[in-house]
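Protein chains in written order, with this note's numbering: chain X, 1 to 345; chain A, 1 to 345; chain Y, 1 to 345; chain L, 1 to 345.
Mixed in with the good hints, there may be bad ones.
The list cannot tell twin chains apart, which means a pair is met if one copy fits it or any two copies do.
Listed below are the simulated DMTMM-like cross-link pairs for lysine to aspartate or glutamate, each with C-alpha atoms no more than 25 Å apart in a straight line [unchecked claim]:
1) Lys248 to Glu170
2) Lys333 to Glu43
3) Lys50 to Glu132
4) Lys248 to Glu79
5) Lys50 to Glu225
6) Lys252 to Glu227
7) Lys93 to Glu66
Rather than coming from a laboratory, the hints here were simulated on the basis of the structure. Since the structure is predicted, the reported quantities are computational estimates derived from the model, not experimental observations.
One-letter residues, chain by chain:
4 protein chains.
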Amino acid sequence: MRVGIIGVTGYTGNELMRLLFSHDDVELTYLTSHSFAGKPLDEIHPHYLKIMETVCRPFSVEEAVEKTDLVFSALPHGESMEKVSILREAGLKVIDLSADFRLKDAALYSEWYKRKHLAPHYLATAVYGLPELYREEIRGASLVANPGCYPTSVLLGLAPLAARGVLDWETLVVDAKSGTSGAGRVPSQTLHYPECTENFRAYRAADHQHTPEMEQELGKLAGQEVEFTFVPHLLPIIRGILSTIYVKLTVKMDEKEIRDIYEEFYRNEQFVRLLPSPSLPETRNVYASNYCDLAVKWDSRKNRLIILSAIDNLVKGAAGQAVQNMNIMLGFKESKGLNMVPLRP
Amino acid sequence: MRVGIIGVTGYTGNELMRLLFSHDDVELTYLTSHSFAGKPLDEIHPHYLKIMETVCRPFSVEEAVEKTDLVFSALPHGESMEKVSILREAGLKVIDLSADFRLKDAALYSEWYKRKHLAPHYLATAVYGLPELYREEIRGASLVANPGCYPTSVLLGLAPLAARGVLDWETLVVDAKSGTSGAGRVPSQTLHYPECTENFRAYRAADHQHTPEMEQELGKLAGQEVEFTFVPHLLPIIRGILSTIYVKLTVKMDEKEIRDIYEEFYRNEQFVRLLPSPSLPETRNVYASNYCDLAVKWDSRKNRLIILSAIDNLVKGAAGQAVQNMNIMLGFKESKGLNMVPLRP
Amino acid sequence: MRVGIIGVTGYTGNELMRLLFSHDDVELTYLTSHSFAGKPLDEIHPHYLKIMETVCRPFSVEEAVEKTDLVFSALPHGESMEKVSILREAGLKVIDLSADFRLKDAALYSEWYKRKHLAPHYLATAVYGLPELYREEIRGASLVANPGCYPTSVLLGLAPLAARGVLDWETLVVDAKSGTSGAGRVPSQTLHYPECTENFRAYRAADHQHTPEMEQELGKLAGQEVEFTFVPHLLPIIRGILSTIYVKLTVKMDEKEIRDIYEEFYRNEQFVRLLPSPSLPETRNVYASNYCDLAVKWDSRKNRLIILSAIDNLVKGAAGQAVQNMNIMLGFKESKGLNMVPLRP
Amino acid sequence: MRVGIIGVTGYTGNELMRLLFSHDDVELTYLTSHSFAGKPLDEIHPHYLKIMETVCRPFSVEEAVEKTDLVFSALPHGESMEKVSILREAGLKVIDLSADFRLKDAALYSEWYKRKHLAPHYLATAVYGLPELYREEIRGASLVANPGCYPTSVLLGLAPLAARGVLDWETLVVDAKSGTSGAGRVPSQTLHYPECTENFRAYRAADHQHTPEMEQELGKLAGQEVEFTFVPHLLPIIRGILSTIYVKLTVKMDEKEIRDIYEEFYRNEQFVRLLPSPSLPETRNVYASNYCDLAVKWDSRKNRLIILSAIDNLVKGAAGQAVQNMNIMLGFKESKGLNMVPLRP
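Given the sequences, and given the hints that come with them, work out the whole structure.
Next up, the structure:
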């Protein structure tokens, strides 16, 4: 199969190339970059020297149709929806790694992303690409909205109990911490090395644009509208998200019962690992891999559940999950190209 | 005035020396090390070469009495109480940086620190050394129990509202993140560079020994018993704690009213800085300084307050606060030796 | 083919497992650990959870013979030679990642490694496993001495000119910088996170044990005895070596002629990349990959050549090169299992 | 005394403020910023909140004359010379931290800095502000050209032997490594956190603009023209330079004799520390302090001297040295405000 990537300059585009280059069943036949069109790929990403010596193309739907069977869009949100819409109209299967097709409600999109949605007619058919929840829908999808990095870690952490209807939503607090690659490749004061290393801080407290995406999906699982407090923080690391989730239950359960629910829910999921008690996740244990590591810890003094969820934001939180979605859509083995051992140290 | 430090090998002892070396009104006349007794200080801490060329002494109460007016104990918890007890019996003023005299209840100490308390008769008179709360008591104290690093950040973050009685304790969750120097100078697998850098994780979730210390002090402020969920995390940085505190209120207030309470509470406190809205604390802004930076953020969707509190764990969280206590006890200006600008970048 | 690893606890053993797990033509059938014998692999290396759920075995030559066709020894130098000797006597092919069989002269080994060589009779037949220089010998070898990390970077940087006989050896200076994983997995004061991060220093200046290995190999290429000044430094990164090599030439050449020699020498080498001028190597461009990136820069003011050479010390500097050697020994495609894109960011 | 700083936005201006804020004998009365004129200082540098609550001024020579006795220029090279010239014409004493007045030869300046010198008439009287070499000249100077960071580390490392005339200049190689703060506060791709951390590389090999400055000063010491090979590298740390210097001698000496020369040369220098053998410098041992740590190591196999020199690039390499110069110029104790213990950990 021939696949293309729209927008290879940024970190998600780059990570897609890395994963797809090692995927035996697909060929990368079409790579575009707006800012680097006409230039050799290894000029943007010098680590590709002698590995992938190709030239970046400008975007062209004709070329996409001619050269590919499926296209990944790794454009920033706001820029992606127009191109995805064009590709879909030309009949191509698309996996969109931006936020543009994740929310079902165009008004909600406008509210949180501060812009009008340009292709709202695709929102209904776009499938939210979290395979652990929507595998069957993804199989038949033409447009997959690849989940955000924070949502992936939080949804996998909460899904088993949300689906059971035992969460006391009013008590839910998510304190998430992300590495810097999640903020992208464009330099900024915040990510300037002497400002960012040896530093730590929260940002967009209770105001992050991934909030409605999580609330939409948790609401579906719970069968009710849900809202919660979400505070992201910036870690001085390249890759990794750890979400620490605090919630009370509406029914009485002990840690063993809760673990059983998680084990049952993820029994057949290769990429979700429930750690043996009392281990807690570390971002390094999923580094550069598609795994999500989970732990549940019962605070018996306060009858509060603590769920810890770790992913690599660029893999399970972006490009790896996109490849997993592609495998499902194209009928490959779901883990194809994703069996790598996490990189540690 | 002549002061001594018991236990200069570790990071808190070392940081005390750094601060006291630049303090105009005291002289460091007595430095002990169990493991390095008889050896030059700059053999343990080579950065002192040509700065403080002295030899570490073994512990001796006679020498302490002869050479000092006040002694800091920078021994680990469990080891400190015996030496502190001996020094107190000899009539010396002591500031203990370990956890040994912070809890008023010896049974609680045994439960959380897994050992019997050897000097419980000093617990009643030991003053908890958080100047913003106990300035007057510290002034007259002979034994000050210097607060833990996490407790300092959390108590300063919660005190204004705890004292007002407006916190809904049942909803309180503290998600804290600390740099590695808090774990001390002894090498371990967890702090081995290739394991620790580019990594992040929680540890001792809902089980950290600083929990009862915070509950004791918050309970005093609130006039009732309180318990809450506390989860610490290990940051790949050297210095810095950021505590993210989530709590609901028992009365209706907006962010402005809450800010006013904080401003009023800390009006005369040099070392507590309420950031102008919408700024959030960064650990680098208090690096190597005695400041505690606070922000309050109202999550209006969930009617939940988010409080962020940043300190340098070795300064306001340990040695700096100890110097502040010493200044109060010895009648110096409280900020003496602590007016440094935070180190950034 | 069935392969085994002696000593999977350390970083080289762990990296071998990572690479061999993704190698289609071999099966990992025998993994030993002295300190973790009888324990699950994922207890030492928790990132293997649900990936390789096996139990570490104690060393047994019988078991090795029964279960494997080729064995890697990832034991520390000094410990490896005895086990390798036993395995060889039992007829197994061995790739030794320690320094024990690299030096041809047992007396030189004793001088630099401060211990007697226990299997000097294998030194003559052991092949130095740098495929770019000894491919044919490796093909027929029973025992391969896998090169050291510093030597790999320096030899690949100097080989084209050393083989031409144009280096003025008296002027040669190598200033090398290595990441911390090269020092292994055992915690130490030097690698304690708060001591190691935000720090940089040289160590074993003009006294490092890799010196005679480089001199032996350069001497072979040059056809004369050579000695030079080698100073290694410790970088606060996990992976990566950059060697900066300074040397004058015995003949007049310009940068273009020198580049031509390198291009010719490495024309058919997949894993050596001569960067286009004026690019200089960065350790991140070879991260977690088997590449060695080279640049040559002519200092025309001083008529001195500057050669820069970057590798990942755990891959091309250890486990990756060992896999490359295995591929050659077992008749696989040389790049099998080593075609990964460098991990960046 | 009243002092001013032209250009407080960048890292050197910021570091000057940090040091001068703790200096008892001077008052900071005039702070300018082109980009932040009219804005509160703590908007650029939020760590100054509640510490220095002042407003940045636009540059005005009248205001400088009215409010200050001495002015530091922390402007970038190329921008500084015009302002310095204006301040000098108005009769103010100036310490210029840029490169604009370091080279005595305006043509050499043009060649390396790619611009015309706008105030060449001040080059003759500007004193090169390395107190260990030019203390007397600095005492009477009206304009001090504060040395570059690399030159400070290299000159202090070589001065004792250069002055003795025993260096074989043809053999001199300097391999220098600098932290990222030396590159300034403006974000760039190279210093973007995910590109810079876990990475290492050389830059401007044999082409760095600090080369002629070092050659000028070493030439003066040696009484002859000298040239050498200089290669800087970028370390993933905030602060610190380590220069590794390789050179042969024209006379026979052993390590003891060489050490004696260094000890004699720096006998009365507080800020230069010759480490006891066999210790080697670490950048952390001079962190946030004005010290320069030196070691000399004789490579007896190659009869080559290895000199290691460590400084904090923002302190002894910039702002600290500027304060040292100010102390000399204004008749204060030379170490005033510079007696801090290096920050470790």
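### Lys93 and Glu66: within-copy, between-copy, both or neither at 25 Å Cα
Only inside one copy: Lys93 and Glu66 sit 13 Å apart there, 51 Å across copies, limit 25 Å.
### Query
Given a CA cutoff of 25 Å, do Lys50 and Glu225 count as a within-copy pair, a between-copy pair, both, or neither?
neither (52 Å within a copy, 35 Å between copies)
### Query
With identical chains treated as interchangeable, where does the CA-CA distance between Lys248 and Glu170 reach 25 Å or less: within a copy, between copies, both, or neither?
The answer is both: 9 Å in one copy and 11 Å across copies each meet 25 Å.
### Query
What label fits Lys248 with Glu79 when the C-alpha limit is 25 Å: within, between, both, or neither?
Answer is neither; intra-copy 39 Å and inter-copy 39 Å both fail.
### Query
How would you label the pair Lys252, Glu227 (within, between, both, or neither) given a Cα cut-off of 25 Å?
Both. Shortest intra-copy (22 Å) and inter-copy (20 Å) distances satisfy the 25 Å Cα cut-off.
### Query
Using 25 Å as the alpha-carbon threshold, which applies to Lys333 and Glu43: within, between, both, or neither?
neither (34 Å within a copy, 29 Å between copies)
### Query
Is it within, between, both or neither when you check Lys50 against Glu132 at 25 Å Cα-Cα?
For Lys50 and Glu132, the Cα distance is within 25 Å only across copies (17 Å; inside one copy 37 Å).
Checked against the numbered hints given earlier, the structure breaks hints 2, 4, 5 and satisfies all the rest.
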